[in-house]
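Q: These are the residues of each chain, in order.
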Amino acid sequence: MSVETENGETDGESTFGTVSRTRDVAFRYVALAATLVGIVSLALLLANVAVDAVGWLDWQFLTSPPHPSPFEAGIFPALVGSIALMLLIALITFPLGVGAAIYLEEYASGGLLTRFIQINIANLAGVPSVVYGLLGLGLFVGLLNLGFGTLLVAGFTISLLILPIVIITSQEAIRAVPDSQRQASYGMGATKWQTIRNVVLPRAMPGILTGTILALGRAIGETAPLIMIGAPTTVFGVPNSLFSKISAMPMQIYTWAQYPETEFQYGVVAAAAVTLLVVFLAINSIAILIRNKYQQRTEQ
Amino acid sequence: MSTTDLSRDGARSVRGTAMRVLFALCAFLSILTTVAIVLTLLLDAVDFFAAVSPIEFLTGTKWSPTNEPVAFGVLPLVSGTLIITFGSAAIALPIGLLTAIYLSEYASDRRRAFLKPALEVLASVPTVIYGYFALVYVTPALDTFLPLSTFNALSASIMVGIMIIPMVSSISEDAMSAVPDSLRQASYGLGATKFTVSTSVVVPAALSGIFSSFILALSRAIGETMIVAIAAGQTPRMVDLTDPAGLFLDSIQTMTAAMVQIGASDVVGQSTAYKGLFAVGLTLFAITFVMNLVSEWVASRYREVYR
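In order, the protein sequences belong to chains A and B.
Residue numbering for the first sequence follows the working numbering, beginning at 25 and increasing consecutively.
Residue numbering for the second sequence follows the working numbering, beginning at 2 and increasing consecutively.
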């Protein structure tokens, strides 16, 4: 610890050292400062971007397509693209993630295969998102020929990326259902599937929803996979089929951030960043609302 | 399942079996994903290594995939990644560890209930926004007293560091909270202060969990893409250890940023640059995969200690 050297090592014999009140109090404040430094930095940056976005983030910005002039540029296609993408990802990951979690928690034997799947899922959660982008490029664009940067390819790619998170959080929710409830259901003569459908899933659903929605919050900010699957840098229309090329807010931010003009750097991009953050916060708030409602219900 | 399992399994009903198979397929999809990742990376990487020898790739000191004369040495990219990893670790490891100590040993329940979610936010902000912050706020702010390039490793490292703080702090805190209270009480009984208990008892007892969090955080820093692609620049260069300041003040290129650069350009599907993308991806995947495994191994060894 840096504090230790500041106060000098007067004690040579014992690892416990001398009892120093000053050192004790100083360390407490150093630790508190360390805890706050990240939070405060982020708060400052958010305040900066919010101030910069003032005057740029308006109705015109939200409803216009991108434009070479910063004063006419808008985020509409990217905003719609992001929301369409998120809905598609929700449709794909929710059944697959919950299904996998049910298998691992309710059916799997806990043997070698189950442990292997479990370790594999944990590892998939740690694979860099840019690598998932390569998977999308090689598999969905290259092998299956679903087209560069289409809504479908983006949806599949990012779904695979967040699936491990959905599975892990769903498993936790299912594991939290007391075993007594399952046994009570079996005791009434219910089959395994009936028990899962009527007892386990309803009880675990708030937790599953919270985890899935939080994962969607992560999905909406993903940029690297979109770049790798060849999502176009600028799209002027909203997607009208699964095979439309789509833009998404993070992709648009990345594109605009490379423009050298000050109006883009401290105006348009700030507005786009705030838009993305607002959508991101809205998604997370929904998740937190569900969690709070659920917690209150169990307390009663 | 407990020993008093009363379940009639689906063997007797068609629907029960069908559901079981369906759910099993969902779980096996995760294995398929891993297989698909490895195969996609390998297939194109093998093609690449037919054109560029693996030795040239792994030992070459020049990376120029699209501009003549083309060169495919991965070392400049690895050194760029190392700079970012080292820089972000210098920020996140001490801060994350101190945060974990504070949360586990000092903070009141009320404070912890506020601080923990606030810290989690740090890890969940979209990284493209962090990259933008680094480029338009951090770099100009540091530029007032440091001779910085527009794109530099320093502000990218700081942003990556802030992003991975919660990864260090939350796993380390879990490990510290798992240290039995009896150890703390014994130490207090000997007249130790809270500082001594925290640093000489709790931290050593939680060491494997702390190491596990460090490795995981470093793995995340290595794989981080958008922050470095936006703020650290696109200049593949070897680390010049004789010029320590220059390491961070100038533009570099990481493995991930190089992938983004090729991915965003219009390289033809069968070109060597396109294949090289997968070779770099394979290298990145191998590094992070091994680190994640090591982290898990360290953590699982730790778990057995106090059970």
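These are calculated hints, taken from the structure and not from any lab test.
Ideal placement from N, C-alpha and C gives every residue a C-beta, glycine not left out.
Don't take each hint at face value.
Unchecked claim - Partial list, computed: chain B residues near chain A (C-beta under 8 Å):
1) ALA25
2) LEU83
3) PHE87
4) GLY224
To be verified - For each label pair, taking beta carbons as the anchor points, the in silico distance ranges come out as:
5) B/ALA119 / A/GLY261: 50 to 58 Å
6) B/ILE56 / A/PRO202: 53 to 61 Å
7) B/SER65 / A/PHE140: 49 to 57 Å
8) B/ARG112 / A/ALA208: 22 to 30 Å
9) B/GLN271 / A/GLN205: 52 to 60 Å
Q: List in ascending order the numbers of the hints, as given earlier, that are violated by the structure.
A: Going through the list in order, the structure violates hints 2, 3, 5, 7, 8 and respects the others.
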